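Number of protein chains: 2
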Amino acid sequence: MYTGERFIAIYHVSAKDKEEAQVRAWDICLEQTIEFPEDLVWKEEIREHVFGRIASLEEVDFGRFQAVVEFSVEVAGRELTQLLNVLFGNISIKPGIRLMKIQLPDSLSSLYRGPRFGCEGLREKLNVPEGPLLSTAVKPMGLTAEELAELAYRFALGGMDMIKDDHGLSDQEFCPFEERISRCAEAVRRANQETGRNCLYMPNITSPFHEFAARCKFAKDAGVGGFVISPGLSGLDAMRWVADNDELNLPILSHPAMQGSLTVHNSAGMSHGVLYGQINRLAGADACIFPNYGGRFAFMPQECRDIVDATQVPMGAIKPIFPVPAGGMKLQRVPELLEFYGNHVILLIGGDLHRHGPDLSENCKKFARLVGR
Amino acid sequence: MYTGERFIAIYHVSAKDKEEAQVRAWDICLEQTIEFPEDLVWKEEIREHVFGRIASLEEVDFGRFQAVVEFSVEVAGRELTQLLNVLFGNISIKPGIRLMKIQLPDSLSSLYRGPRFGCEGLREKLNVPEGPLLSTAVKPMGLTAEELAELAYRFALGGMDMIKDDHGLSDQEFCPFEERISRCAEAVRRANQETGRNCLYMPNITSPFHEFAARCKFAKDAGVGGFVISPGLSGLDAMRWVADNDELNLPILSHPAMQGSLTVHNSAGMSHGVLYGQINRLAGADACIFPNYGGRFAFMPQECRDIVDATQVPMGAIKPIFPVPAGGMKLQRVPELLEFYGNHVILLIGGDLHRHGPDLSENCKKFARLVGR
Numbered sequence: 001m002y003t004g005e006r007f008i009a010i011y012h013v014s015a016k017d018k019e020e021a022q023v024r025a026w027d028i029c030l031e032q033t034i035e036f037p038e039d040l041v042w043k044e045e046i047r048e049h050v051f052g053r054i055a056s057l058e059e060v061d062f063g064r065f066q067a068v069v070e071f072s073v074e075v076a077g078r079e080l081t082q083l084l085n086v087l088f089g090n091i092s093i094k095p096g097i098r099l100m101k102i103q104l105p106d107s108l109s110s111l112y113r114g115p116r117f118g119c120e121g122l123r124e125k126l127n128v129p130e131g132p133l134l135s136t137a138v139k140p141m142g143l144t145a146e147e148l149a150e151l152a153y154r155f156a157l158g159g160m161d162m163i164k165d166d167h168g169l170s171d172q173e174f175c176p177f178e179e180r181i182s183r184c185a186e187a188v189r190r191a192n193q194e195t196g197r198n199c200l201y202m203p204n205i206t207s208p209f210h211e212f213a214a215r216c217k218f219a220k221d222a223g224v225g226g227f228v229i230s231p232g233l234s235g236l237d238a239m240r241w242v243a244d245n246d247e248l249n250l251p252i253l254s255h256p257a258m259q260g261s262l263t264v265h266n267s268a269g270m271s272h273g274v275l276y277g278q279i280n281r282l283a284g285a286d287a288c289i290f291p292n293y294g295g296r297f298a299f300m301p302q303e304c305r306d307i308v309d310a311t312q313v314p315m316g317a318i319k320p321i322f323p324v325p326a327g328g329m330k331l332q333r334v335p336e337l338l339e340f341y342g343n344h345v346i347l348l349i350g351g352d353l354h355r356h357g358p359d360l361s362e363n364c365k366k367f368a369r370l371v372g373r
Numbered sequence: 001m002y003t004g005e006r007f008i009a010i011y012h013v014s015a016k017d018k019e020e021a022q023v024r025a026w027d028i029c030l031e032q033t034i035e036f037p038e039d040l041v042w043k044e045e046i047r048e049h050v051f052g053r054i055a056s057l058e059e060v061d062f063g064r065f066q067a068v069v070e071f072s073v074e075v076a077g078r079e080l081t082q083l084l085n086v087l088f089g090n091i092s093i094k095p096g097i098r099l100m101k102i103q104l105p106d107s108l109s110s111l112y113r114g115p116r117f118g119c120e121g122l123r124e125k126l127n128v129p130e131g132p133l134l135s136t137a138v139k140p141m142g143l144t145a146e147e148l149a150e151l152a153y154r155f156a157l158g159g160m161d162m163i164k165d166d167h168g169l170s171d172q173e174f175c176p177f178e179e180r181i182s183r184c185a186e187a188v189r190r191a192n193q194e195t196g197r198n199c200l201y202m203p204n205i206t207s208p209f210h211e212f213a214a215r216c217k218f219a220k221d222a223g224v225g226g227f228v229i230s231p232g233l234s235g236l237d238a239m240r241w242v243a244d245n246d247e248l249n250l251p252i253l254s255h256p257a258m259q260g261s262l263t264v265h266n267s268a269g270m271s272h273g274v275l276y277g278q279i280n281r282l283a284g285a286d287a288c289i290f291p292n293y294g295g296r297f298a299f300m301p302q303e304c305r306d307i308v309d310a311t312q313v314p315m316g317a318i319k320p321i322f323p324v325p326a327g328g329m330k331l332q333r334v335p336e337l338l339e340f341y342g343n344h345v346i347l348l349i350g351g352d353l354h355r356h357g358p359d360l361s362e363n364c365k366k367f368a369r370l371v372g373r
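Chains as they are written, first to last, in this note's numbering: chain H, 1 to 373; chain Z, 1 to 373.
Think of the hints as simulated: they come from the structure by calculation, not from any bench.
Estimated spans, in silico, between C-beta atoms of each pair:
hint, chain 1, residue 1, chain 2, residue 2, range
1, Z, Arg78, H, Glu339, 40 to 48 Å
2, H, Glu58, Z, Val60, 38 to 46 Å
3, H, Lys330, Z, Arg47, 18 to 26 Å
4, H, Asp61, Z, Met1, 49 to 57 Å
5, H, Arg53, Z, Asp61, 39 to 47 Å
6, Z, Met1, H, Arg373, 36 to 44 Å
7, Z, Ala298, H, Ser107, 33 to 41 Å
8, Z, Pro105, H, Glu147, 25 to 33 Å
9, H, Pro301, Z, Glu48, 33 to 41 Å
10, H, Glu247, Z, Ala298, 45 to 53 Å
11, Z, Ala298, H, Glu146, 46 to 54 Å
12, Z, Lys365, H, Arg53, 35 to 43 Å
With the C-beta cut set under 8 Å, the calculated list includes, among others, these residues of chain H facing chain Z:
hint, residue
13, Lys139
14, Pro140
15, Phe297
Because the structure is a prediction, the values reported are computed rather than measured. Ideal Cβ placement from N, Cα and C applies to all residues, glycine included.
Between the sequences and the hints, there should be enough to build the whole structure, so can you do that?
Here it is, written out as structure tokens:
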């Protein structure tokens with residue numbers, strides 16, 4: 001029944017001293033598994049195999065301890081929802097516990113396909129074997145489907161690799177889902193015929209539970225090049241389902257909407273790397289959007305670095321994915337971004353592409369020249 | 001196209017002075033809608049109808065401002081995922097913004113059924129017209145389906161109104177979903193035949209996206225009395241789908257796993273009331289589990305009160321629901337809980353029911369006597 005194999009969750013725990021840290025770490029071991037008074041557990045098997053286990057505990061900063069906790073693979077079952085539950089379900093409610101990193105043995109990680117394409121697959125699809133990839137978004141909300149399609153056309157003509165829906169475009173009356181997807185997909189296809197490139201239009205398919213599969217299917221049939229999903233809204237496992245789906249067979253760009261509370265306070269939630277990198281990756285994102293430092297949001301360079309590292313860290317057969325720094329990026333920052341991220345990145349510039357003259361295709365070409373194309 | 005109707009989101013914003021608070025509140029108006037440089041918006045209609053609007057802004061505490069923001073109902077579309085996105089999608093990533101409360105006009109709230117049963121419907125189903133309702137959980141993880149069913153049987157014989165799965169029971173090899181559900185449903189049915197009561201067995205159906213509907217269906221066919229769902233894991237809209245489903249037609253108990261990061265820091269995320277009360281309620285929970293003050297978690301009495309208030313606050317035709325304080329409650333605290341919560345509550349006591357002698361049914365009867373049954 002129990003193989004003895006364990007997966008590892010590394011937490012940072014706030015405590016006044018090591019003794020208190022030990023108590024809090026042990027609490028994690030029980031809270032995430034049995035949720036039951038330890039002394040009342042009468043089955044030895046449960047103590048041995050179901051309880052989490054503290055592998056190590058050390059102070060890493062004043063009042064901050066690193067607890068390496070091992071859980072039996074069996075408690076996580078064969079499903080992402082339960083794996084997430086063991087990693088951070090109940091303890092999300094407790095202050096002063098932050099999930100920093102996960103390490104899954106092959107027996108567990110092999111239950112997950114992860115990203116279908118990953119970095120290599122996406123480059124192949126785009127026919128851009130090296131250098132940074134370029135993307136932008138159709139926006140703002142309130143434009144009609146026709147107006148957004150016109151933007152998509154100009155962006156694609158200008159040499160973008162990926163054109164995504166703004167994540168707030170869902171199925172509003174002023175821009176219905178089906179009309180937007182049909183028009184934008186057609187516009188990008190038309191541009192691709194002119195350029196000979198394979199720019200991908202990636203609509204936002206974050207949607208209600210009962211419409212999610214149908215929207216994916218509609219978009220696929222309309223000829224889109226991939227999907228934007230906000231797993232904080234749709235659930236991480238809905239994204240995993242898309243990645244696993246052989247009929248959809250398209251790349252996924254994950255968007256951080258509603259996931260921010262997990263990272264926003266340094267002493268709770270999850271590290272930027274484990275959430276935006278490891279967990280999004282396990283859940284099938286081929287590329288992960290996050291707020292770059294120095295934009296509209298408050299991420300620090302070190303937090304962005306943490307994400308980059310997590311997109312690449314070995315995770316069994318789970319492919320590495322692209323980091324997508326975004327959130328108010330400007331063309332003038334491209335050299336700095338390249339210095340920070342290197343060539344292994346998708347640059348996403350939205351609003352600022354509208355600020356460099358009326359010819360959007362020409363602005364895209366400026367963007368492309370900045371990365372040496 | 002735009003009706004002029006707006007819904008209201010009340011935020012607390014951290015700022016050093018009113019001027020900064022004004023800038024931050026205006027940022028919410030744009031970040032949650034257009035995500036685009038304001039000066040580049042050329043369509044007047046977007047300024048008028050898509051931009052959020054600050055209805056009022058006042059300092060409520062030192063460095064803490066309350067911003068009442070109004071959004072056009074049209075930006076939220078007809079779907080919970082997008083409504084949540086407008087309320088808190090991108091700004092979840094920004095520190096110092098907390099969603100405190102929502103007010104939806106009938107034109108928006110009427111798109112949502114909310115809880116199918118609510119307080120009255122649940123009391124009717126249980127045939128307990130007044131007084132607190134009593135519930136417990138089958139646990140700990142690691143018991144077999146047969147062992148859990150035996151617990152369920154004894155709890156039901158002892159007079160519990162609702163018996164839930166521990167939320168960590170999913171579909172593990174040591175306790176497969178179908179076997180657990182079949183055995184526990186049968187055990188509670190058998191006990192009900194003996195007692196003449198209608199105790200509800202509520203299994204945990206939180207599960208992967210592609211299995212979610214099938215597990216609900218299996219459980220329904222097995223004769224369960226309701227469902228436990230952790231919307232933080234499955235997505236809030238999956239729960240909404242269950243509540244809306246005429247064939248399932250069963251009450252829902254929501255569990256806070258993985259939602260904790262939203263409330264854990266007072267200056268970010270969401271208030272306890274808006275999350276555990278209003279949003280869970282809008283998403284179809286008939287009763288909402290949350291950590292009671294003074295248990296294993298760190299909620300304060302005022303935060304629990306905030307939840308209670310939100311389960312009852314008028315929300316158009318959306319029914320009021322039960323608060324379910326839990327998390328390490330003990331029998332000895334029942335009088336205090338009744339004083340705090342009154343009769344309008346579901347008391348959930350898990351592990352402690354095992355601590356008062358070997359006869360679990362007898363322990364349940366002690367629990368029942370404490371509420372005057």
